[in-house]
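**Student:** Here are the chains, one letter per residue:
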Amino acid sequence: MSEIFSVFVLGFCFCFYVSVNTWHAYRIIQINERLQKPMTFKITWKDGLVITPWERPIGPTHGPSDPSSPSGSPVKDALDLAQDVPHSPLDQFAIKSFLDMRVGYLYISFTNPAFFMLLTLGLVFLLFHLVTKKGGGKSVPNAWQSLVELIYDFVPNLVNEQIGGLSGNVKQKFFPCISVTFTFSLFCNLQGMIPYSFTVTSHFLITLGLSFSIFIGITLVGFQRNGLHFLSFSLPAGVPLPLAPFLVLLELIPHSFRALSSGIRLFANMMAGHSSVKILSGSAWTMLCMNDLFYFIGDLGPLCLVLALTGLELGVAISQAHVSTISICIYLNDATNLHQTFFFVIFL
Amino acid sequence: MLEGAKSMGAGAATIASAGAAVGIGNVFSSLIHSVARNPSLAKQLFGYAILGFALTEAIALFALMMVFLILFVF
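Protein chains in written order, with the numbering used here: chain L, 1 to 348; chain C, 1 to 74.
Check each hint, because a few of them may be wrong.
What the hints assert, rightly or not - The list that follows gives simulated cross-link-like pairs (lysine to any residue, SDA-like), each with its CA atoms no further than 25 Å apart:
hint, chain 1, residue 1, chain 2, residue 2
1, L, LYS278, C, VAL73
2, L, LYS138, C, ALA12
3, C, LYS6, L, ALA284
4, L, LYS278, C, THR14
5, C, LYS6, L, LYS171
6, L, LYS278, C, ALA49
7, L, LYS171, C, ALA16
8, L, LYS278, C, GLY47
Everything labelled a hint here was simulated from the structure, so no lab data went into it.
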């Protein structure tokens, strides 16, 4: 049962990997073609000020000046130097390809996210190997072993949350896939916290690919376990018959929304968090670079805010991996035990 | 003019965080109430509270994501 699950998850992940690369390669070609034409995205205001769309003049406006001859004011210098290169806080999410490979219409090039996903895999394997070599660790664990045991132990307890009709053996068949999902999203999120690194899960195609594949896998498992009775999932007990068709249709919408919401939750948390840190730290850096004592001392505010936000980001990285794994277990529970609750409840 | 419209749209989209703020306050208020009733379950209830917080925070971040989309993509 969990073999079908794993095969379909892998298959759809591969399909989404290919489609991510195809779409991004298409965008790279578009951008390259746009770069061949002369750059005409500067806006010319009435008083002669020429700026690029991403700049907002924060000082007295001035006419187009020569960047090589700096005026006295740091504000004007900053605006001058920024004239020709447009920067955006979303530049950190750009996908660059290291190795262009193409099979007909499909682009399977080795890109940024692919490299960082392999790095994540490597880090996980390295951690688990270093802790468990020489016979699997000591009885009195050191800190690394405790960490690995924590990550490993989390998933079987979660899988036991699927209470009811399944015996322990059958339930634990889902353990490998859910464990891999949890470890992958945890380590990908944490890896994005390294400065100048790339967050794999901050692209919605990747997280939506993962959540869609898992949702399709869960639906397949539901059909396999319950047959066509699985469709009774959308109809609660004791509903008058004329109301039934509407209720089924209405129930189908939140059910299918679950696939979308899992992926978008992870993506939105990661993207919004990293964008906020980028915007705040950009302002903190600018304040640091202005040759002014007032700004230098006042920079303590944004710097403390960046520190707090980075701490929050670390918490969000771990908790979002936790939340997405718990929601997958809940959906699995709903699919295998159709809305049935049982009277004995096992506390975690 | 597009710049101004983008800024206005971004500002308007941030209002959605108000709902998320009320929701998060609700979650932790329930945590305080329930720990006051049954302090021996404090650890487990805190775990549930963090789960509820993360799910509610996600809605605030949907709104923040729309803000960034409006500001930098459209």
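**Student:** Among the hints numbered above, which are violated by the structure, and what are their numbers in rising order?
**Tutor:** When the structure is compared with the hints, numbers 2, 5, 6, 7, 8 turn out to be violated.
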